[in-house]
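Peer 1: If you're matching them up, the sequences are chains C and L in order.
For the first sequence, position 247 matches number 247 in the working numbering, and the numbering has no gaps at all.
For the second sequence, position 162 matches number 162 in the working numbering, and the numbering has no gaps at all.
Just so you know, not all the hints are guaranteed correct.
To be verified - Output of the computed footprint for chain L on chain C, the stretches with three or more beta carbons under 8 Å from beta carbons of chain L: (1) 104-117; (2) 149-160; (3) 223-232.
What the hints assert, rightly or not - Residues of chain L placed beyond 10 Å of chain C at every Cβ, according to the derived structure: (4) Val37; (5) Ser40; (6) Asn43; (7) Ala70; (8) Gln120; (9) Ser122; (10) Asp151; (11) Glu156; (12) Gly231; (13) Pro244; (14) Leu270.
Please keep in mind that the hints were generated in silico from the structure rather than gathered at the bench.
Ideal Cβ placement from N, Cα and C applies to all residues, glycine included.
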Amino acid sequence: MAGWQPAGFGSTIDERTLVDEDFLPVDGEPDGTELDERAGRDDLAAYRRGRRRARTRRLATGAAGLVGLGVVWQIAASILRDPVFLPSVSQVATTFVHYFNRPYPAQGSPLWYDALTSLRRILIGFGIGVGIGVTLGSAMSASRVVRHLIDPVIEVLRPLPPLAFIPLFIIWFGIGELPKEILIIIGVTPILAVTTVAALDEVPEDLRLCARTLGASRLHTLVHVQLRSALPGILTGMRIAMAAAWTSIVAAELIAATSGLGYLIQQAGDYLNTALVLSGIICIAVIALTLDACLRGLLLLADPSRRG
Amino acid sequence: MTARADEGERSADRRLGADVVIDSVSKTFRRSGRRTVALSGVNLEVGAGELVCLLGPSGCGKSTLLRIVAGALERDEGTVTVGGRPVRGPSPDRGMLFQTPMLFPWLTTRKNILFGPRAQRSAGLNERDDPELDAEADAILRTVGLAKFGDAFPHELSGGMQHRAAFARAIVTRPSLLLMDEPFGALDAITRLRMHDFLLSMWDQYRTTIVFVTHDIEEAVLLGDRVAVMGGRPPGVQEVIDIPLPRPRDALDADTEAFLATKRRIRAALTV
C-alpha cells in the first residue's frame with residue numbers, strides 16, 4: 001500500500017487524475033463555455049463510476065481467493081479422511097453452529113459468549129490504548145522535550161512481544177480481566193504513539209500557515225487542519241494496532257484465562273476437537289475482519305483519495 | 001488582531017489593495033550554533049494595487065522576505081506595514097499561495113474555498129450565513145472556471161485546476177494583499193503559461209496588491225509592474241526595475257522587442 005500522501009502536496013499526477021481541462025478565463029471568450037461543457041459534471045461522475053467499478057472487480061477477485069481456499073481445504077479433507085487431523089468444511093460448519101449456542105462441556109460456555117468476552121477485552125484495551133497513544137503522540141509532536149523524554153520509553157517497549165509480559169502480569173494482577181486489558185494497552189499504545197507522531201510530523205508547515213492566512217485561529221487550525229490532516233495516518237496506525245491486539249489477547253487467553261476464544265481453542269485442542277478449534281479460529285477471523293472493515297470504512301471517510 | 005470595528009474601512013480599500021512598506025528588515029537564522037544571514041537591511045515599497053515580483057536565485061532570501069510580510073516569520077530588525085498597519089502574525093488580510101496548491105485533501109473544492117469564510121465566522125470575524133457563503137462559492141467557482149467541479153476532491157483535479165481552486169480559496173476572503181511563493185514552479189511549461197494568463201485576468205478583476213516570488217526572469221517580466229532583483233552577500237534587494245510593457249499583457253508579449261530588452265536588463269542586474 002502506498003503511503004498516505006495528501007493530494008496536491010507533491011503534485012503527483014497519475015492516471016487517477018482527471019485530464020487537464022483547458023481553461024480560458026478571458027471574458028466573452030466563446031471557447032470558454034465549450035471547454036467548460038467538456039469539463040462538465042458528467043465527466044466527474046463518469047470518472048467516479050469507473051473507479052467504483054474497478055473497486056467492485058477488486059473485491060470480487062478477493063472473494064474468489066477466499067472461496068478457492070475453502071475448495072482446497074475441502075478437497076484435502078476428503079482425501080485425508082481424518083477429522084481429528086483436518087475436519088472438512090461442512091464438519092467445521094456443523095460444529096460451529098452446534099456449539100454457537102450450547103456450552104462446550106469441558107469449558108462451560110457457548111461460542112458466542114467466548115467471542116463476546118474476547119471482543120469486550122479487545123475493545124476496552126484498544127480504546128484506552130488508542131486514547132493514550134494519540135495523546136502521547138500529539139504531545140510528542142508538539143513538544144521537543146516531551147518527545148525526547150518519551151521516545152526512549154516507547155523504543156524500549158515497542159519491540160518487546162507483549163506475550164513476554166504475561167507471566168509478570170499474572171504475578172502482579174492474577175488472571176482476571178485487568179492483566180488482559182493492560183496487555184492489550186501495552187501493545188496498542190506504542191504503535192499509536194509512533195504513528196501519530198509520524199502523521200503529525202508529515203503535515204506540511206505551509207498547510208498550517210495556509211489555514212492561518214485564511215483567518216483560522218490557532219485552535220481551529222490545530223483541530224481542523226493539523227489533527228484532521230493526520231487522521232488517515234492515525235487510522236492506519238489503529239488498523240495495525242488492532243491486529244496486534246488480537247495477537248495479545250488470544251495468546252493471553254491460551255495461557256491464563258477461564259473464558260474467551262483463546263481459552264475455548266485451548267480446551268478444544270486438549271480434547272482433540274479439531275473442528276471446534278477451527279471454529280474458534282474462524283470466529284476470530286470474522287470478528288477481526290469486521291473490526292478492520294470498520295476502520296477501513298473510517299479511513300475512506302477520512303481520506304477521499306482512497307475511495308474507489 | 002484585526003478588530004471587527006474597522007471591517008468597513010478594510011472592505012473599502014480592499015478592491016484597490018493595500019500598500020506595503022518594508023523598512024530596513026533584517027533576518028538571521030541560527031541553527032545549531034551557525035548563523036546564516038538571510039536578509040540584511042531590506043527596503044521595498046509596493047504601491048496599492050501593484051504587482052511586484054521578487055526575483056532571485058535560490059537562497060537569496062526572497063521566500064524569507066515573503067514569509068516575514070505574511071507574518072509567518074519574525075523579523076530581527078526593521079518594520080513591515082501593510083495598508084498602514086504593522087504586521088504582527090498571519091492575517092486573513094494577507095492571503096498566501098504556495099508552490100503546491102496546499103488544498104485540504106479531505107474537502108471538496110467548494111468546501112476548500114469556504115474554509116476561510118467559515119473559519120473566520122467561527123472566530124467571530126463575520127456573521128455570514130450558509131446560503132450567502134454558498135452563493136459566493138458558486139460565483140467564485142464560475143470565475144475560476146471550476147463551476148462543474150465544486151464537488152470534486154483535490155486529488156481528482158489536474159495540477160492547473162488545483163492551482164485555480166487554491167487561488168479561489170485565497171481570494172474569496174478578499175485579502176488586500178496576495179503573497180505568492182513561486183506558485184506555478186511545479187507546473188509543466190504549458191499549464192504554467194495558462195496560469196499566467198489566468199493570474200493576469202484575475203488580477204484585472206480583483207485589483208489586489210500582489211507580491212510574487214519567482215526565479216524565472218520571463219515570468220517576472222510578463223507579470224510584474226516592477227521587479228525587485230534580490231541577491232548578494234549579505235542578501236537584499238539589489239535593484240528595482242520598472243517593466244515598461246503595456247497592459248493588458250498575455251503570453252504572446254514574450255516575443256516582443258521591448259520584452260526582450262527588459263529581460264536583458266534584469267539578467268544584467270542578476271549577474272552583478
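Peer 1: Hints first: check each against the structure and report whether it holds.
Peer 2: Hint by hint, here is what the structure shows:
1. Against chain L, the region 104-117 of chain C contributes 0 residues with a C-beta closer than 8 Å to a partner C-beta. That does not satisfy the three-residue criterion, and the hint is violated.
2. Counting residues of the region 149-160 of chain C whose CB falls under 8 Å from any CB of chain L gives 0; the rule of at least 3 is not met.
3. Counting residues of the region 223-232 of chain C whose beta carbon lies closer than 8 Å to any beta carbon of chain L gives 5, which reaches the threshold of three, so the coverage claim holds.
4. Even its closest Cβ contact with chain C, about 22 Å, leaves Val37 of chain L beyond 10 Å, as expected for a residue assigned away from the interface.
5. Distance check on Ser40 of chain L: its Cβ is at least 24 Å (rounded) from any Cβ of chain C, clearing the 10 Å threshold; non-interface status holds.
6. With a minimum CB-CB distance of about 24 Å to chain C, Asn43 of chain L clears the 10 Å threshold, and the non-interface call stands.
7. Against chain C, the non-interface label of Ala70 of chain L is violated: not every CB pair exceeds 10 Å, the least being about 6 Å.
8. Listed as a non-interface residue, Gln120 of chain L fails to keep its Cβ farther than 10 Å from every Cβ of chain C; the least gap is roughly 4 Å.
9. Not every C-beta of chain C lies more than 10 Å from that of Ser122 of chain L, the closest at about 6 Å, which undercuts listing it as non-interface.
10. A Cβ of chain C approaches the Cβ of Asp151 of chain L within 10 Å, the least distance being about 7 Å, so the stated non-interface status is violated.
11. Listed as a non-interface residue, Glu156 of chain L fails to keep its Cβ farther than 10 Å from every Cβ of chain C; the least gap is roughly 6 Å.
12. For Gly231 of chain L, the condition that its CB be more than 10 Å from all CB atoms of chain C holds, with the nearest at approximately 24 Å.
13. Non-interface call for Pro244 of chain L relative to chain C: holds, since the shortest CB-CB distance, roughly 24 Å, exceeds 10 Å.
14. A cut-off of 10 Å between C-beta atoms confirms that Leu270 of chain L is not in contact with chain C; the least separation is 27 Å.
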